[in-house]
Each structure stands twice: as C-alpha cells, then as structure tokens.
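Peer 1: If you want the building blocks of each chain, they are given just below.
There are 2 protein chains.
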Amino acid sequence: MAVYTDVAAEDLAQFLKGYDIGELLSYKGIAEGVENSNFLLHTSAGSFILTLYEKRVAVDDLPYFLSLMAHLAARGVHCPQPEKNRKGEVYSTLVGRPAAIINFLEGMWPRRPNVTHCAGVGEALARMHLAGRDFPLVRENPLSVAGWRPLFDRAAPRADEVQQGLRDFLARELAYLEANWPGSLPVGVIHADLFPDNVFFLGDKVSGLIDFPFACNDILAYDVAICLNAWCFEPDHSFNVTKARALLNAYGRARKLSEAEEAALPLLARGAALRFLLTRLVDFLNVPPGALVKPKDPLEYVRKLRFHQSVKSVGDYGIAHSGQMA
Amino acid sequence: MAVYTDVAAEDLAQFLKGYDIGELLSYKGIAEGVENSNFLLHTSAGSFILTLYEKRVAVDDLPYFLSLMAHLAARGVHCPQPEKNRKGEVYSTLVGRPAAIINFLEGMWPRRPNVTHCAGVGEALARMHLAGRDFPLVRENPLSVAGWRPLFDRAAPRADEVQQGLRDFLARELAYLEANWPGSLPVGVIHADLFPDNVFFLGDKVSGLIDFPFACNDILAYDVAICLNAWCFEPDHSFNVTKARALLNAYGRARKLSEAEEAALPLLARGAALRFLLTRLVDFLNVPPGALVKPKDPLEYVRKLRFHQSVKSVGDYGIAHSGQMA
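Residue numbers (this note's numbering), protein chains in the order written: chain A, 1 to 326; chain B, 1 to 326.
There's no promise every hint is true.
Remember, identical chains collapse to one label, so a pair may be satisfied in a single copy or spanning two.
[As the list claims (entries may be wrong)] Derived DSBU-like pairs: lysine-lysine, alpha-carbon spacing no greater than 35 Å straight-line:
no.	residue 1	residue 2
1	Lys296	Lys17
2	Lys84	Lys205
3	Lys312	Lys205
4	Lys296	Lys312
5	Lys17	Lys84
6	Lys312	Lys256
7	Lys17	Lys87
8	Lys296	Lys205
9	Lys256	Lys296
Please keep in mind that the hints were generated in silico from the structure rather than gathered at the bench.
Only chain A is shown next, with the shape it has when bound in the complex (with noise of 0.2 Å):
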C-alpha cells in the first residue's frame, strides 16, 4: 500500500512511446499492491495500470504470470492483460526496474463480501481453472507443502511471543499435514491468492480477477480451500455455512470436485490456513522500523485453523458429499 518508486512525467511519455496505447494524459500513484509500485495512468486510448517490480519479486516469473494473464483473458476469463510494447516484450524496464503495463479493470472489490460475491468467486475460480488448463508454461508452488517448514524454522523460536503454545502447535499440525498431504489430486494453475481485495465486481457480478504474483501450479481443489478461508469467515472468526454452501456449489456448476477432492477439502483448508498463518507469523515477527505496511493478524488464521480441524467431513462446509443430492 505505497508507492515506492516516483517516475518523472517526461521519463513515463519516453517509455510510452515504445507502446501503442495513447498519449500519456496523467498519472497517480496508487495504493495498492505493497510490494510493487503502481500508477493508474489516463492516455487518449484509456486507463491502464503501470506496475514497477521493486526488489522482492523475482524478475524471473515475470513471464509466467503476464503470459498466464493474457492466456487466460483470451479465454473469457476477466483479467487484465498485459500490453506489449513495439518490440512485442510484456515487460521492459523503467527507472531502473522491470515495468509492465496492464488494461485497467473497472469494478471494486467487497469490503463486506456476502453471500452473492461468494458464489460470484467460486464460479469465476472454476473458470479460471478451467481456462487455465492448456497453460503451457509451469511454475512450483514455493508455498505449498514443501514450503512451510523453512517458514515454521523462521517462525518457531518466538512464536511463543504471539500465543502461549503456538510453536508446539504449528510443529503438530505441519507435522501431520506433510505426513498426509495428498498427492494424487487434479492439478492446474491456482491463482493462490484469491482474497476479497483481488476480486472486482460491479454490482452482484464478478467484473475482473486481479494480481497474480502468486499465480503457480498446484492443486486445483487447494484454490478453492483458500478462497474458504477468505471469503467464508465472519469479522467475528465464526465460519459461515451460507457463504461456504454459495461459493462451493457454484464451483461445483462450472468445475465439478470429484469425490476425492471433496474428501480432501478439510485437509487442504487446513493446509490454506497453515500457510497463512506462517507468512503472516513471519511478516509480524519481523516488521522492519519505519514499515509503511501495519502486519496482518496471524492469529486470525490460527482461529480458523482450529475450524478446519473441527471438520469431520465436506459436509460441514455446508454441501452433500458427491452422490448425495446437493
């Protein structure tokens, strides 16, 4: 939530030159993103978003989501696009970093999201997915699984700080989701980040998915546990059934979940929230001085942890198993 990086107005009209999008008409910083700095520009041919990547992103996995997110515009799905330059790059360089330029998406995301917007994100995630699955290019997912344990060694030593047993219980339940992580689901490019601050509706329908940085190849049913996380909990931490039951079934209408993904939505929720909690854990653990961005919460995440714990089976996310009716 910050621009770090000013671009003077003359150096921003030389770099629009190398593209066809219009003359540069103005341009504001903006606040969103808080790894990137983001400008929302005006030129004679419309809106866009310029996005200079600042240190934290790796150059390297540019072209995978700026190609994902033109693959997929291509197929219907709404996100935005990266324009490419004269020379056909999605990507070149400005004020000394990687600069991009996408399409600007009109919508806003739910600050209170309900029941419309969830069936709203579990539809557009089916789809997503579905328009996902002749993506050529394959990113590995660093947080899945395999990721967490270097995550919990940053963590664990002062966890205790943040909660009374929190270490013991982060050791328990990473120890028994890297022992019965399923490895024979459907998978396919997860946007894996799916919050309500990426979805844009107007009105009650979805108008755009945003912000794809997380963007890899994982298990497809992995996406929908961590949009169960997002979407599904009240302010209060209780799980909402109503919401759950909206965002699966509608899933389900685009994106049928199998039975064994089914049976293993608990465990990958309980994986979602462990790989939250751990990032939030390390991010609050480790506030730089002088940070421009408030940490969030881990201890939300610990609550809903505890949620899916509870779940003895997909049923208690509000829908019949799969040969049951609906």
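Starting from the structure of chain A, add chain B where the hints point.
Peer 2: Here is chain B on its own, set in the frame of chain A:
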C-alpha cells in the same frame, strides 16, 4: 502520500447516490496529499477525486477553499471544481469525515521544471490573482509573518541539532522581517503553496492548478515570491535567473507588478523562504515514530534564504526595474 481511511464500496456507492455524477465503476486510493485521504473515482460520467479530510484540516475552512475553486473555475482558471450533491452541498460526511468530490484534471506535474514550465506557472498565477479579485470570502493567512514566531518558538530549542548556529540565524532573520514586512502592497486571494506538484501540464501548457488548502488572503506578490523559491532553484541549490526571468515576465504580462511590489520582492522572497524553512524544521524535529512521510529537508531553505539575503534588487531576479526596458 498515503490513504489513511479506507472506504467500503457499498458505503461509497451509497454516498454517490447523493450526487448526479453517474454510477460508480471503480475507485483507487491515490498516493497524493499528506494530510488527507484521496481516491480517484471512475464513474459512468467520468473521473473524479474524492477527498476525505483527516483531523489536521480545519473543517471551518472547507467552505472557503471549495468556494474559491468554484469561483476561479467559473472565471476560466483551470482548477478542480467541487461537485455539489443533490442538496447543493459542496461537502458532506463519509466514514465520519468531511468529504468532497472534485472533477479530475488531466495533466502531469513536472518533476524537472524547465524555463517553459516557469513561464507557464507565472502566467497561471497572475490569472488566478486576477480571477480572485471579486471573491467575497476572506481567510487570513495563518502562515504569514505573524504566524512565524510561534513556529520559531517550537523549533528554536532544537534548531542547532539540525545545523550549528541555525537558531541565531533564524532569530535574526525573523526579527528583521517582523520589523520590515510591508503593510501596503496589493492583497487578494493567493494560492500560497504553488509548488511544481500542484501545477499540471499537458505538453508545454498549464492544464490545471490544484490543492488549495493553503489558499488565503495575503499580499499578491508574496505568492510570486513563493513561486520564485519553489520553481527557480536547481537541484544543486543554485538560483536559475533564466527561470526567474521567465516566471516574472510571464506574470507581468498578465498582471503588471507595481514598482512597490517589485521593490519588495527580495524581502518577500526572504519571508517565503523563512516560512517553508520553519514549517519544514518543525516537521523535521517532530517526526512521529512509524511516520509514513519522510520529512522534507529544512536546510534546502536555509540556502535559498541566504541567496535572497544577498539580492540587492529585483534586477538580480532577472528582470529590469519598472520604468526600464524588460
């Protein structure tokens, strides 16, 4: 340079029902303004800026500067105009804060102002002064000469931490300016903060003046002196007389400076330099922990002030005295 207050899409859509500016399509927090929260809105009717006024802004002054923008725009000055809601109000309440909507001005502020930009701002400033002549409201300038001693008193005890001898330097200059500040120069509405980031250009042409929260009634030539400080020094702190000449000549073509105004310009420029030196020094010495905004360097204005102390007459700013050939 921060969004302090977020607005829920649902609340903003509700707020906009009070206006006749179309359906909300998107809004982004923008990284502009250090004391308010600003959002760029896209609606079916165009682009707008929504400002939420945070606590440091005196609500009592909102009618002055919102009315002023409407007054100036009606007289051909390119500046934002406040949108009235269906009740005819130019501001009301959103998220518990005074909130106003202005139309969006295209244009870019020059990060590296050149001579043409300086001429542009000179002419635009004069036209603003002329357009403000019949503005009926009055707001005293809290940061004119009478406002400087309280700032000095806050900064003085620790001024020498910033530069050895700074306290005595400021005390002598303040006493001199208090004793010699002119009392009979033409007054009117001044912008009082017309730095490069508040002047938009499209190509070589001024497309808009923005950001009026410091606007007030004061000596018109003092506004010119502020611009000399803000536009005519190079990054190495040297004074660029070519830029000053361009600025003053362009101003003079639209509104001729009187002999008395020209004679007072070096003194007014010292005052303008002291005003920004003092506010920057107070900010510099009082950075709150975890501040989002890096304080500006007060010593830049020590150097500018010393330059103006060395000026013998307006001729040193690059223009001939009144009565001589320009």
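Peer 1: Each of the hints needs a verdict: does it hold here or not?
Peer 2: Hints, one by one, checked against the model:
{"no.": "1", "hint": "Lys296 / Lys17", "result": "between (40 Å within a copy, 33 Å between copies)"}
{"no.": "2", "hint": "Lys84 / Lys205", "result": "both (28 Å within a copy, 30 Å between copies)"}
{"no.": "3", "hint": "Lys312 / Lys205", "result": "within (33 Å within a copy, 68 Å between copies)"}
{"no.": "4", "hint": "Lys296 / Lys312", "result": "within (29 Å within a copy, 58 Å between copies)"}
{"no.": "5", "hint": "Lys17 / Lys84", "result": "within (12 Å within a copy, 38 Å between copies)"}
{"no.": "6", "hint": "Lys312 / Lys256", "result": "within (21 Å within a copy, 83 Å between copies)"}
{"no.": "7", "hint": "Lys17 / Lys87", "result": "within (11 Å within a copy, 45 Å between copies)"}
{"no.": "8", "hint": "Lys296 / Lys205", "result": "within (28 Å within a copy, 45 Å between copies)"}
{"no.": "9", "hint": "Lys256 / Lys296", "result": "within (33 Å within a copy, 58 Å between copies)"}
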